[in-house]
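Using the sequences and the hints given, assemble the complete structure.
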Amino acid sequence: MIVTILDVVIAGLLLGGLYALIAMGLSLQYGVARVLNISHGEFIMLGALTTWMLYTAFGINPLLCLVVCGPLAFILGFILHRTIYKRLSVISATPGIFEGNSMLASFGLLFIIQNLALIAWGSKIKGYSYLAVPVDLGGALFGANRLVTLGFAVLIGVAFYIFLTQTRLGKAIRAAAQDPSTAGLLGVNINLVLALCFGLGAAMAACAGMLISMSYPVNTVMGMEYTVIAIIVVVLGGLGSIPGSFIGGFILGLIGSIVTYFEPGLALVAYYIIFTILLLLKPTGLMGK
Amino acid sequence: MNKLTLTSKNFLILRIILLVGLIILVTLPFYAAIYTTIFLSTIFMYIVLTSSWAMFSGPTAQISLATAAFFGVGIYIAATLGTIMPLLVVVLIGGLVSAALALFVGGLTLRLKGIYFTIFTFGLLELMKNLLLWFEIKFTGTRGRFVVVVDYNTVYFIMLAILVLTLLTAYLIRQSKYGLALQSIGEQEEAAEHIGINVTLVKVFTFAISAFFIGAAGTIMATRWTYVDPYIAFNMNFSFTPVLMAIFGGIGPLFGPVLGAIIFAYLEEILITQFPYYYMLLFGIILLVSVLYLPNGLVGLIKKWRARATGGEHGNS
Amino acid sequence: MAILEGEGVTKYFGGLVAVSDVDFHVDQGEIVGLIGPNGAGKTTLFGLISAALVPKPGLIRFKGENITGLKPHQICRKGLARTFQSVKIFPNMPVISNVALGVHFGTPERVTSAQAVEEAARLLEFVGLSAMAAIPAKDLTLVNQKLLEVARALATKPEVLLLDEIMAGLNSTEIAQAMELVSKIRAQGITIFMIEHVMKAIMSVCDRIMVLHHGKKIAEGTPQEIATSETVIKVYLGE
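So the sequences go chain by chain: A, B and C.
The opening residue of the first sequence carries number 1 in this note's numbering; numbering runs sequentially from there.
The opening residue of the second sequence carries number 1001 in this note's numbering; numbering runs sequentially from there.
The opening residue of the third sequence carries number 2001 in this note's numbering; numbering runs sequentially from there.
All the pointers check out, no bait thrown in.
The list that follows gives simulated cross-link-like pairs (lysine-lysine, DSBU-like), each with its CA atoms no further than 35 Å apart:
(1) A:K171 / B:K1113
(2) A:K282 / B:K1138
(3) C:K2138 / B:K1009
(4) C:K2088 / A:K282
(5) A:K126 / B:K1138
(6) C:K2088 / A:K86
(7) A:K282 / C:K2071
(8) B:K1113 / C:K2071
(9) C:K2157 / B:K1113
Derived by calculation from the structure, the hints in this document are not laboratory data.
So this is what it looks like as structure tokens:
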């Protein structure tokens, strides 16, 4: 009995770590840059498939890929913001219109990235085995790869939290999230900060993708489900609250693990029910402003 | 009451053109190649999807990404009921079930701040897919099902009928006080609410009406697939292409969506066999470029050119 | 008989109190003015009455009936209409359609398109906008847009009309015309509750005036009483 509970709880934490990571990335993009990036999942997919490719073709250690994929994704995200979303913020008459337009642009981006990936890698499911050694935790067995995933997710999350609260740039980002115009008046180069946040969000997505690829099979259409989950976590944690996304991720992961224990395959449905209830009762989420 | 500043003579010419066009389309299967009939059915489908999408998301400016979900529901209705009920009844049920889903989703989320609705519709597709996958694994034991086979001409006629109904409905709504109310909601929602318009009700109803046609289209088109499963039925492409077609063609006026649908349905037809992923890639790029540079779509662009050519629009006060 | 009244009407935005425990009443046929320094909570109070916002706590009664918690469109249909401080006309529609919409949806009666247009035309004439009927509302001057909002509000056949700073940004001729319009509206039997900063106008046209400051009602009385009230003078001069 205890073993089962431990099983479910740890599985929930493993899942939660991943969710926290992808949600934090999206939270940065939506909370600060106000871009509802529904192509977020595609960056996850890119991270996952690039890692797969590098590992199976060149034998490159997936953890090393973090060092490669992360910055690359950051640069990509940065460029995308400067070229696409900045222009949109200029031509959109109101914030509401900007939200709609940037969401549509992200929609287009979703199909561009997904189809580029389909052209490059095809649609078959891919997977690889790395660190798949079982580790015994209080009687329950977990793959070392999944524990590493959790470890990294928490590490990245904590590092990011420290960055946000302790560094000048981090504080500038938080100021921009609270109030972009005032932050601009206080000397924050708002355009730079927005693009940075977008890039960081993309980088986190790619890292999450790389971590996912270590433990689960991947394919070129995996992105959308993760985007939906990220959105739900962001709303659960509170729009604009990055700590909220972190905690929300773990909460959702635990719920997912519990639901999967009783009825596998219904996790997303459960998430959606929670999502619906949230939207109706407290759309600002747990820690939202 | 609306802005169609057509003279009665123009209007008569337009009606004659439409009538002639309709006659040609109705008699087409009797003299055209099968390929043309099939191809036109697909174009009709896209026009229905795009016009239905624009019927709601155009005036209210609330972007729905649920088109594929309603379409998928229609497909599954065909798959489950197609062999046990007459075809027209099944199509009707497909439309009604989709409308019911829209009433439910709309009722829940259209009262919320704009972007939440769009987010919800985006996730709806994955939700339906997961739900049906789970259902099939748990209760029917198989994945996917076979759909009743219907001959090409019947599909063509039913699709044409749905098309005519959709465009007619879109037109009648625009001309009625509800069309005006919809427009006012899109332009200034708070004021609309304060002059007695039950904004949520109007939105939900329009959403449901648009979903009816999308679902019906899904039901009849499903018969061309012979086999469907949740992945085939619930495909984000069907939420994407109508948005692309409407934005590129121009959301506002009736002709924009039709124009956009024809252009891209044709493009897809040409490209899909040779370059399956490339054409979707191209579409993604076109959507992105359209959002960035073409704020009012093709029709808006044409209007601007015409206005510039004739020296400006209405006089100012 | 008070046609519109509020008891203990309060509204907080986060930690900030916008309207604090305000009791008010407007009697049938009156023109009541609502004044106060910027940020006093006047527009918020209107929002609470028109149900754009919900008072917490507090109660609002219209014709004796508790309307707290109803939706804006329901309140409109009961006979309470308003204009907005930042003009909220429907910009891309012709002027006459703006008003016709009010006719169609503002009352429980059903009218045909032709009847709505006819009524709208009559209202446009009432406010003096007949010449602009076919022009898109966004192309109107500010003063005409304000007149349009009034016409649109009147289209919903209100018994009480809330006017939110309709004279802001008007020159003296336009102000005089606006004052005349307000009198004309009252002559139709409509009760008026108006927010205004233009003192001259408020003093001459209102039967009674209410003063808000920091969300609280600090004075109430005839224009004479208010003009000579020490509390009010202090509040305005102290600014």
